[in-house]
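Once you have looked at the hints, place chain B on chain A.
Sequences listed follow chains A and B, in order.
Counting with the working numbering, you get residues 1 to 264 for the letters of the first sequence.
Counting with the working numbering, you get residues 1 to 202 for the letters of the second sequence.
Take the hints with a grain of salt, since some may be wrong.
What the hints assert, rightly or not - With a straight-line Cα cutoff of 20 Å, these simulated SDA-like cross-link-like pairs (lysine to any residue) come out:
# : chain 1 : residue 1 : chain 2 : residue 2
1 : B       : Lys122    : B       : Glu80
2 : B       : Lys94     : A       : Glu170
3 : B       : Lys122    : A       : Ser158
4 : B       : Lys94     : A       : Asp160
5 : B       : Lys94     : A       : Thr171
6 : B       : Lys94     : B       : Pro113
7 : B       : Lys122    : A       : Glu163
8 : B       : Lys122    : A       : Asp160
9 : B       : Lys122    : A       : Arg159
Said to hold, decoys possible - Some chain B residues well away from chain A (every beta-carbon gap over 12 Å; in silico):
#  : residue
10 : Lys4
11 : Ala33
12 : Gly58
13 : Gly104
14 : Glu107
15 : Ser110
16 : Thr151
17 : Ala155
18 : Glu157
19 : Trp158
20 : Leu162
21 : Ile163
22 : Gly192
No lab work stands behind these hints: they were computed from the structure.
Think of the CB as a built atom: it goes at the ideal place given N, C-alpha and C, for glycine as much as any other residue.
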Amino acid sequence: MNVIDLSWWQLALTSSLVLALAACTHIAHLGIGKSLLIAAARTAIQLALVGMVLEALFAVGSLHWVALMGLVMLLLAGREVMARQKYRLRGGWSFGIGTLSMFISAFSVTVLTLVVIIGPSPWYEPQYAIPLLGMLLGNTMTGVALGLDRLTESARRSRDIIENRLMLGETWTQACGDFRREAMRAGLMPIINSMAAAGIVSLPGMMTGQILAGSPPALAVKYQILIMFTVAGGTGFGTFAAVAICSRRLFDRRERLRMDRLSN
Amino acid sequence: MASKLHLNRVAIGALEDINLTLAPGEIVCLSGASGAGKSRLLRAIADLESHGGEIRLGEQEQSSIPGHQWRRAVMMVPAESAWWFDTVGEHLDKPMSKALRTLGFSEETSDWPVARLSSGEKQRLALVRALSREPQVLLLDEPTANLDDETTRRAEEWLQSLIREHHQPVLWVAHREDQIRRVARRHFRIEGSQLVERELRE
Numbered sequence: 001m002n003v004i005d006l007s008w009w010q011l012a013l014t015s016s017l018v019l020a021l022a023a024c025t026h027i028a029h030l031g032i033g034k035s036l037l038i039a040a041a042r043t044a045i046q047l048a049l050v051g052m053v054l055e056a057l058f059a060v061g062s063l064h065w066v067a068l069m070g071l072v073m074l075l076l077a078g079r080e081v082m083a084r085q086k087y088r089l090r091g092g093w094s095f096g097i098g099t100l101s102m103f104i105s106a107f108s109v110t111v112l113t114l115v116v117i118i119g120p121s122p123w124y125e126p127q128y129a130i131p132l133l134g135m136l137l138g139n140t141m142t143g144v145a146l147g148l149d150r151l152t153e154s155a156r157r158s159r160d161i162i163e164n165r166l167m168l169g170e171t172w173t174q175a176c177g178d179f180r181r182e183a184m185r186a187g188l189m190p191i192i193n194s195m196a197a198a199g200i201v202s203l204p205g206m207m208t209g210q211i212l213a214g215s216p217p218a219l220a221v222k223y224q225i226l227i228m229f230t231v232a233g234g235t236g237f238g239t240f241a242a243v244a245i246c247s248r249r250l251f252d253r254r255e256r257l258r259m260d261r262l263s264n
Numbered sequence: 001m002a003s004k005l006h007l008n009r010v011a012i013g014a015l016e017d018i019n020l021t022l023a024p025g026e027i028v029c030l031s032g033a034s035g036a037g038k039s040r041l042l043r044a045i046a047d048l049e050s051h052g053g054e055i056r057l058g059e060q061e062q063s064s065i066p067g068h069q070w071r072r073a074v075m076m077v078p079a080e081s082a083w084w085f086d087t088v089g090e091h092l093d094k095p096m097s098k099a100l101r102t103l104g105f106s107e108e109t110s111d112w113p114v115a116r117l118s119s120g121e122k123q124r125l126a127l128v129r130a131l132s133r134e135p136q137v138l139l140l141d142e143p144t145a146n147l148d149d150e151t152t153r154r155a156e157e158w159l160q161s162l163i164r165e166h167h168q169p170v171l172w173v174a175h176r177e178d179q180i181r182r183v184a185r186r187h188f189r190i191e192g193s194q195l196v197e198r199e200l201r202e
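Just chain A, same shape as in the assembly (with noise of 0.2 Å):
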């Protein structure tokens, strides 16, 4: 494999496009150069400094710090997914329905793909878990985001609907099924999309990634492809459990509405 390196002067030159478009921001009186700027400086420092971890897990590579760093992406993904939420559920509920669906998921995903699938030895080598592990929780990150804003969303909204319809003797899960599925699908929309536009419209950033990293461009698309798959899976039953879940938190023993369970 024949790859030419990048220096970090050539990153920097690289990054002059980015400080061309924040004068050009400024000048149209957008205001978000700034945010613009500190993204963009975010994006190098994150970046630099995650190499630095994957350089020193890849050289460790043991079970512990493989999984500990598995932990920390995990509990960063739940922060993400309950920022994202315009209303949540009060008492640590969001950050941790967020936290569950996606460590049901994401994590049962990962693992199954690589000990049945790809294989490497020992199964939970670095340089397939990690990446695996990211790209799955970074996706169904977003699925569970979109399921549950959607859904608390479409509580606060159609409260009175949901509410007639429990007055009128019908269970909890009747009164809010159309919502809980509303939310499933927002859920799962962004992925079937990009399944369907993939190579088409777009070609995914991984396999972009792979094939300027020197990779065949067969070998790219299969591992491509797999990605997809077990990103569609993940996002999908995480999506379901987060909804499942925080819907069933919306009522209570009574299954009663209990909006006063949400923040806004």
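Below, chain B alone, put in the same frame as chain A:
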């Protein structure tokens, strides 16, 4: 089939120590200033809000059966009804042609899109919808607030005849004195934290 509804030392919001028994087929009217807690009391009886005290239907204690089963028997019709399917008919548990005709509708009303219903139509149809589920107790929150005088009278007579036939106890939140005189066997007014019985003048 028909049972008494008992409220025993019920407390919700500003209301305290509410004791009330509704006999089968009895319409009890409830009035009070806005914000006095009429709707909340109905919600507590329908088990949509937690409350103190005990509520029973016959021998059955509210908390002894699942919430949805209780509400299927003790049914509240809110002041503002909500609609979720496309047509009126999809909301009904069984065809209600006689009820629809009595309230000034026709057979075709079942196919009407709910998006085009006026507030008065919604109010009458919400009553039909609730009664299509054959509840054992009715909790009505200003069920004729959006109706003109003639339609109000028709709805009252229809409800009264149904209640004579099926003997449900009814708790009816009403404002207008003339309506209370026409429909109620007893009338209570919320004053502070208590229900005070009012005399019904002819």
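Do the hints match the structure? See the list:
1. B:Lys122 with B:Glu80: The hint holds at about 8 Å.
2. B:Lys94 with A:Glu170: holds (15 Å)
3. B:Lys122 with A:Ser158: Holds: B:Lys122 and A:Ser158 sit about 17 Å apart, inside 20 Å.
4. B:Lys94 with A:Asp160: Between B:Lys94 and A:Asp160 the Cα gap is close to 23 Å, so the pair fails against 20 Å, i.e. violated.
5. B:Lys94 with A:Thr171: holds (19 Å)
6. B:Lys94 with B:Pro113: Given pair B:Lys94, B:Pro113 holds - Cα atoms ~18 Å apart, limit 20 Å.
7. B:Lys122 with A:Glu163: holds (16 Å)
8. B:Lys122 with A:Asp160: holds (14 Å)
9. B:Lys122 with A:Arg159: holds (18 Å)
10. Lys4: B:Lys4 clear of chain A: closest Cβ-Cβ about 20 Å, beyond 12 Å.
11. Ala33: holds (24 Å)
12. Gly58: holds (17 Å)
13. Gly104: Non-interface label stands for B:Gly104: nearest chain A Cβ at 23 Å, farther than 12 Å.
14. Glu107: Correct as stated: the minimum Cβ-Cβ distance to chain A is 23 Å, above 12 Å.
15. Ser110: holds (17 Å)
16. Thr151: holds (22 Å)
17. Ala155: The claim holds: B:Ala155 sits with its nearest Cβ about 19 Å from chain A, beyond 12 Å.
18. Glu157: Since the minimum Cβ distance to chain A is about 24 Å, B:Glu157 lies beyond 12 Å and the statement holds.
19. Trp158: Holds: least Cβ distance 19 Å, greater than 12 Å.
20. Leu162: About 17 Å separates B:Leu162 from the closest Cβ of chain A, which puts it past 12 Å; holds.
21. Ile163: Since the minimum Cβ distance to chain A is about 19 Å, B:Ile163 lies beyond 12 Å and the statement holds.
22. Gly192: Answer for B:Gly192: holds, closest chain A Cβ roughly 25 Å.
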